[in-house]
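**Q** All letters in the sequence shown, in the order written, are residues 308 to 426 by our numbering.
Quick caveat, the hints were computed from the structure, so don't treat them as lab data.
As the structure is a computational prediction, the values presented were derived from the model and not from experiment.
Keep in mind that the hints are not guaranteed to be accurate.
Cross-link-like lysine to aspartate or glutamate pairs, in silico, DMTMM-like; alpha carbons within 20 angstroms at most [to be verified]:
#1 384 / 320
#2 399 / 338
#3 332 / 348
#4 361 / 331
#5 377 / 404
#6 361 / 338
#7 339 / 404
#8 364 / 389
#9 360 / 404
#10 346 / 320
Listed next, with one range per pair, are the computed distances between beta-carbon atoms [unchecked claim]:
#11 390 / 357: 15 to 23 angstroms
#12 325 / 383: 18 to 26 angstroms
#13 331 / 384: 27 to 35 angstroms
Glycine is no exception: its CB is placed at the ideal position from the N, C-alpha and C atoms.
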Amino acid sequence: MNLYEHTIIARQDISQSQLKAIEEKYIKLVEKFDGSIVKTEKWGLMNLSYIIKKNRKGNYIHFKLKGSGKTILELEKNEKIDKNLLRYLTIKVKKFDLETNYFEKSEEKITKINNEKNI
308 MNLYEHTIIA RQDISQSQLK AIEEKYIKLV EKFDGSIVKT EKWGLMNLSY
358 IIKKNRKGNY IHFKLKGSGK TILELEKNEK IDKNLLRYLT IKVKKFDLET
408 NYFEKSEEKI TKINNEKNI
């Protein structure tokens, strides 16, 4: 099985329940086509570099997954017709970085660092 990092950007005006439904939909789709999700990161609502389909912001969800080319093909085929998504990107990687969370809030990072110093 190959290792992939897959990011989707959902519209800014969808609710949290819709965002959760989108996340679950694509997790089930990956599992249906013999893939597995290693880690899911919700990066939250962030500004886009440029306006996409009249949106200035987007909700980012990042998956680290194992699967075959067919898994990715089916995933992207379904994302192409999903009206709630603005963009998606899949990158094949050699190994996962499971420890670093690049979009963690700064307050959470400070708390995490302080906890590590106290140990």
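**Q** Mind listing which of the numbered hints don't hold for this structure, in increasing order?
**A** Result: hints 1, 4, 5, 6, 7, 9, 10, 13 break, sorted rising.
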